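Enquirer: Residues per chain are reported as follows:
Number of protein chains: 4
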Amino acid sequence: MTVRFGLLGAGRIGRVHAKAIHGDADARLVAVADAMPEAASAIAAQYGCDVRSIDAILQSADIDAVVICTPTDTHADLIEAFARSGKAIFCEKPIDLSLARVKSCLQVVRETKAVLMVGFNRRFDPHFAAVKAEIAKGTIGAVEMAVITSRDPGAPPVSYIARSGGIFRDMTIHDFDMARFLLGEEITEVSAMASVLVDPEIGVAGDFDSVQVMLKTATGKQAVISNSRRATYGYDQRIEVHGALGAVSAENQRPVMIEVASAAGYTRPPLHDFFMTRYTEAYAAEIAAFIAVLGGKGEASPSGEDGLAALALAEAALKSVAEGRTVRVAEVLG
Amino acid sequence: MTVRFGLLGAGRIGRVHAKAIHGDADARLVAVADAMPEAASAIAAQYGCDVRSIDAILQSADIDAVVICTPTDTHADLIEAFARSGKAIFCEKPIDLSLARVKSCLQVVRETKAVLMVGFNRRFDPHFAAVKAEIAKGTIGAVEMAVITSRDPGAPPVSYIARSGGIFRDMTIHDFDMARFLLGEEITEVSAMASVLVDPEIGVAGDFDSVQVMLKTATGKQAVISNSRRATYGYDQRIEVHGALGAVSAENQRPVMIEVASAAGYTRPPLHDFFMTRYTEAYAAEIAAFIAVLGGKGEASPSGEDGLAALALAEAALKSVAEGRTVRVAEVLG
Amino acid sequence: MTVRFGLLGAGRIGRVHAKAIHGDADARLVAVADAMPEAASAIAAQYGCDVRSIDAILQSADIDAVVICTPTDTHADLIEAFARSGKAIFCEKPIDLSLARVKSCLQVVRETKAVLMVGFNRRFDPHFAAVKAEIAKGTIGAVEMAVITSRDPGAPPVSYIARSGGIFRDMTIHDFDMARFLLGEEITEVSAMASVLVDPEIGVAGDFDSVQVMLKTATGKQAVISNSRRATYGYDQRIEVHGALGAVSAENQRPVMIEVASAAGYTRPPLHDFFMTRYTEAYAAEIAAFIAVLGGKGEASPSGEDGLAALALAEAALKSVAEGRTVRVAEVLG
Amino acid sequence: MTVRFGLLGAGRIGRVHAKAIHGDADARLVAVADAMPEAASAIAAQYGCDVRSIDAILQSADIDAVVICTPTDTHADLIEAFARSGKAIFCEKPIDLSLARVKSCLQVVRETKAVLMVGFNRRFDPHFAAVKAEIAKGTIGAVEMAVITSRDPGAPPVSYIARSGGIFRDMTIHDFDMARFLLGEEITEVSAMASVLVDPEIGVAGDFDSVQVMLKTATGKQAVISNSRRATYGYDQRIEVHGALGAVSAENQRPVMIEVASAAGYTRPPLHDFFMTRYTEAYAAEIAAFIAVLGGKGEASPSGEDGLAALALAEAALKSVAEGRTVRVAEVLG
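Residue numbers (the numbering used here), protein chains in the order written: chain G, 3 to 336; chain Y, 3 to 336; chain V, 3 to 336; chain H, 3 to 336.
Hints are computed from structural coordinates only; laboratory data are not their basis. One thing to keep in mind: the hints can contain errors.
For chains that are exact copies, the list does not tell them apart, and a pair is met inside one copy or across any two.
[As the list claims (entries may be wrong)] In silico SDA-like links for lysine to any residue, alpha-carbon gap of 20 angstroms or less:
(1) Lys139 / Met259
(2) Lys89 / Asp28
(3) Lys134 / Val258
(4) Lys134 / Ser55
(5) Lys89 / Asp79
Quick caveat, the model's predicted, so the values are computed rather than measured.
For reference, chain G alone in the conformation it holds in the complex:
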């Protein structure tokens, strides 16, 4: 079976997905849509597919599934429309910045029995996936604590930050999903601290650039997340998980693995620039996983509910910072 794809959104992340679809023997990119015609045309030219409008894709009989890479505020509407049209949906995170909107959207997904997978790509990184596999094998025994480090090489433009929903919903949300993925248990309590240390303009925009979050499950398992919008040495992405029998960790990745020794010491090159190069394999693997689901192999995961849960943690973290207290997730999920 070959899955025939429509791509909604031909921006940076759209191009990543176009390449992943093209490279997969079980997929074919049929059409691309974008508000910017040149962006869509460029992808169409490169991979030999059509340019169509979103509406046309919605009605295309030769398209089985869509990948939604449009701006966040269009995600929920598009999910609902494509769910109703019977197409399978892969949507970039987040579904929406509003918990209420996500809930109503997922209600439509449930009613239409649509297949929906959410783009928490890091679960598919081969190294992080191998960490999870060791946990699943029981190598470290019962999980006790996860430590997640995620530091961006540099902050996005303040204009982006202003409409991003803030660092917890925009950046930490990946780590919230990772914490749930690694602990394997629902998180019940959240406590966060936040500062503006990188750029005062970020504070002016009402956001933070340096945050830490502690999470706890009902049985007392814990996770801690450390985020910054600044890392001069590259894209800092590490996880470690401790259990009753030991620990398992995934270190940072670098494009070139050499070492220079001199009177100044031993130097290895910086890490990957950013997510495009760091998570190349993860992007290909998540599309492959989506295709496998469409081929009948298991349920879509991460699901819409996983998207909702991560967003709820972001909400709780914001509330924790605002009120200076530990917030129960039930408070924000209602």
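The hints should help you fit chains Y, V and H onto chain G, whose structure is shown.
Expert: Using the frame of chain G, we list chains Y, V and H on its own:
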């Protein structure tokens, strides 16, 4: 100048200090005291010094300085007595489990102008000291975040835990001191999470075995501490500090640095067993630093006030767990 | 410009090149030839190209270049034929097992002014290429010594070994090329030691499985190569180069970079299985480099002469083992 | 039992041994002798021992054992004298630069049944000893190849080199001993290459500064040694051993184990300066091993015969360079 030492307490940590004094060309161990005569005699035999009572040491004209390694509940009284007798004092942490008692004790130290140094040995670990030196040189720019990992190979007996003051005062206290040391700024806010995951008996004793703490200074610098009473792979002691220009870290230490490659992969041996072997060099260096202070080189550091500050953070962490909120340090310091 | 390729040989390495050609935006796979029709058909089906005979490819006006992946004993004849037909040639190493035959073949290449590039893929590994780039930048100063480790996970079948030309021509030849690449100077002296330690059958077949070679240039630069047909922990491929100002090295690569810590120590997974996975990026990069040459960017490198030089070192190594002495390369090159 | 030591030679290495003796609970330094009275007095003052002449030590009833750290050309005479006087002898390597002289000296040792241990300190390095222990445990199966890297931070003065016996006898000799130690089998063939790359004056003095040696045993096990008198990044001391089931290695050691991450990459500090700091623990352990032998625990090892064997390999390497051929050790041992 040779500093002539009296050693109070001939237990495990007393023997560590006896060895450090003996190995220092500028020090001489003159006498040892212990409630258990055999313990004192063993040290006396090994290093060729006298066994005396604490009272005799207090009145010994041939002793310049004492190292206090007796049980915690005797520390404050001994500090006051030796401060009044004009002897220099090196005291194992903590000064006392009660903030009020520490304060009154430090009042006597101030009045008598006694030299008091507190045994936060980790500041003197060559690797951690090198991290601090890089920060001081400006290598990483303005400090933003410290991440401190401290996991013990195994929990102490529950009987010990019951009178230890709890994990924050007994174990995390070292990390609180390290956070202050690395951030170089006073901590103003504390938030902690705590679980019993290792041994339910620890919970029965009213303590926790798995805790995480977030700290913040007035300017927004942050630290996070991760503690567990369990680490099957050895004594897990790591620090990393992030700043505006980069990061500096110290990895774990292991006694034997070999690697075996086989069909099962690449394996390095476990870490040091525990603090006695991990911090051998640190114990020698802290005694050398104390001797240097007595020789006129700078002020005693870590000071009694450093001991008080770390204890206040432990107090605040306990309060944070109990009340489910971020606690200002000013609340507990009064 | 798009380079139109014919692929000669549809075996294991042929499939690697087919994939690299397909993945290159500047290349198109037009036809494949193989003595085994099913092998050719499989590639044709996967990449949508024709199956043609070698003769048909030789006469195809729609083919600009060929990649020769047929058995070694056909290489020289095919190079000559395609050189005369005016097509560009990428040939897997070695050109031939006989120095004389390689020389006569290269004579035809020179006369026809054909473009010929030889498949020493390791030069294109991003990590090894980065080592070379550091040397070229002058980071380590004048090069003094190269250390090359190359150990296969397991020996090929003895039937393969019997017609391979022996370990020096089959396996070490890559390291001979790497030594020339890293030292940047022609090698003049060779001394080798060889044993049968892995499998006595290899000895019965007249070959060795464990060899070491020392090389020297006219100015005294040195290299040492260490080879074995056995490495339980994966495909061991390391280089280090020392110069007047320091050293630069490339460590082994592994597909999954995690670490498990337990009472048994710290364990990382084994290395890549073998060259197909270890050198994936290198195979793509060497085809890209060949295409760049056809687009007018520089000379083909590694050239036919590089292929000859590496084979001469293999010849000299064999002679060194046989005669128990250091052999001057001039002796075998004549 | 306490072993009472006389120390012959109060130079750099003499001070290292004095400290090791002082730090050993089972040893006492009774007297020191040196042609330079101030050197001897300095050690005597520091450790509270006598200054005596070598003759006086020879006749001292209160001395059980001597450590010989005098210039190389006195070693054999002193060994013979002290062997005849019935004292146990620890002698720094080499016994002599002449194979014949070493043989005649060892004849006296055998006749007098004297205890003689030779100072190949590296066998006692905890990391190298752990490598050997893994081999002995069978972790890597039957040993096949050892790779020994030994690079000095800088060349000694040419005046020293001129009377050192040359790099093979002065520097590589440690690696020859290590190769025998690791292979666990007598070496039968030697092939060496040598260049002058660091300092032309070394060549003028008739020596080399950059050498490589291949070794082989009767059963075909191999070792390769790589030496240079130059390493800008510190004292480069590594071993790796490959066997039928896997490999075991010991990496370089550094005094401070931190890492700085910045836009320039990840940098660790240089290695130890030189052997005094790199092998501190090894020097203490070898004296402890000597004391254990005197206490009845096993035979002295490395023995005088080990010293002879390593020197013979140096001799063979020199001959191999001179004659451009593989040399059988039997040729030089006669």
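Enquirer: If the cutoff is 20 angstroms on CA atoms, where do Lys134 and Ser55 land: within, between, both or neither? Let me know, please.
Expert: Classified as neither: same-chain Cα gap 39 angstroms, cross-chain 49 angstroms, threshold 20 angstroms.
Enquirer: If the cut is 20 angstroms between Cα atoms, do Lys139 and Met259 qualify within a copy, between copies, both or neither?
Expert: Close across copies (17 angstroms), not inside one copy (30 angstroms); limit 20 angstroms.
Enquirer: For the identical chains here, do Lys89 and Asp28 meet the 20 angstroms Cα criterion within one copy, between copies, both, or neither?
Expert: within (17 angstroms within a copy, 34 angstroms between copies)
Enquirer: Go through the copies and call it for Lys89 and Asp79: within, between, both or neither, with a Cα cutoff of 20 angstroms.
Expert: within (14 angstroms within a copy, 55 angstroms between copies)
Enquirer: Please work out whether the CA atoms of Lys134 and Val258 approach to 20 angstroms or closer within one copy, between two copies, in both situations, or in neither?
Expert: Close across copies (12 angstroms), not inside one copy (25 angstroms); limit 20 angstroms.
Checked against the numbered hints listed earlier, the structure breaks hint 4 alone; every other hint is satisfied.
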